[in-house]
Amino acid sequence: MDLQVAGKVFFVSAASKGLGLAIASELAMNGASVVIASRDQGAIEAAAQTLAQQSNQRVLGLVMDAADSASIDAALASALAAFGRLDGLLVNAGGPPPGVFEDFDDAQWQGAFELTLMSAVRMIRAALPALKQNGGSVLAITSSYVKEPIPGMVLSNVMRAGVSSLIKTLSKQYAADGIRVNNLVPGMIYTDRIKALDSMNAEKQGIALDVARAQNESNIPLGRYGEPAEFGKAGAFLLSPAASYISGVTLTVDGGTMKSLF
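Sequential numbering from 1 applies to the sequence shown in the working numbering.
Worth flagging that the hints you see were computed from the coordinates, not collected in a lab. Given the structure is predicted, the values throughout are model-derived calculations rather than measurements. Any given hint could turn out to be false.
Unchecked claim - As a list, the in silico DSSO-like pairs of lysine-lysine whose alpha-carbon atoms are at most 30 Å apart: (1) Lys132 with Lys233; (2) Lys195 with Lys132; (3) Lys147 with Lys172; (4) Lys132 with Lys172; (5) Lys17 with Lys204; (6) Lys233 with Lys172; (7) Lys259 with Lys204; (8) Lys17 with Lys195; (9) Lys168 with Lys17.
To be verified - Between beta-carbon pairs, the in silico distance windows are: (10) Ser199 with Glu227: 17 to 25 Å; (11) Pro241 with Glu102: 41 to 49 Å; (12) Gln133 with Ala74: 16 to 24 Å.
Heads up, the beta-carbon is just placed ideally off N, CA and C, and yes, glycines get one too.
Based on the provided sequences and hints, a complete structural model is requested.
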C-alpha cells in the first residue's frame, strides 16, 4: 500500500526508541520527512542520525519535555522553521507511575495531569495552525486502560481516558479543516519496557526469562508479543493520507487481547 507520505512532514514525540520511533521509522521508510523528539538529547540525536541513514530522508531530532509547555512550543516552532510545513502529529508521552488511589497526593495527580493529558492538549494546540494550512492528521498513543481500567494504575486510567475523550472531541471540531484525529492503543509490544517487565517477573518468581515471557505470551490470543514494526505500520497508516476516511476512532494493536466489545 502506498501511504502517500512522500514530501510530507510528521512530528513524532517520545521517539528516541520504542513505539514512537517505530512509527517515525515507518513514515520515513515510506518517503516522509520526520521530526522526532525526546527529553534525552543524546538518544534523540543518535536515533535521528540512524533513521536518516536508513531511510535516506530528512530527519530532525529535537529535545522536548512533554510535561513542559514552553518546551513543546519551542520544539514545534523549530520543526516548522526547519521544514516549513506540518502534515501530521503523533502525541506520545511517558505514562504516570503505578499505584492505587490512596497512594497519591495532589502534587502527584497534578504531575500526571501535566505529563499525560496536558502534553496532548499542548502538542495539538501548537500544531493546529500548521495542520490547518494543508489538512493533516493527529494520532495519540493511549492505552488499553481507556477501555478496560485496571487496578493499580489509577493515574493512567484517568488521564489516558481524558486524552481519548479529547481526541474524539477534536475529531468532530476539526473535520471541516481537513484534520483527522485518532487514538492508537498498544498491547504487549516487545519494547524495552516489556523486556524489563519480563526480567522483573522472572526474578520475582525465580524462573528463567524465557519461561516468564512464555507465561505472558500465553495470555495473548495470537500467542506472541507484537513487534514494534507491526505497531509502527498501524500508526503510520492512521497518520497517512491512506487513512483519509478514518477519524475519531480508537484502534487497538494487541493481538486480540482486549475483551471489550467496543
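Quiz item: What are the numbers of the hints the structure violates, in ascending order?
Solution: Checked against the structure, the only hint that fails is number 2, while the rest are satisfied.
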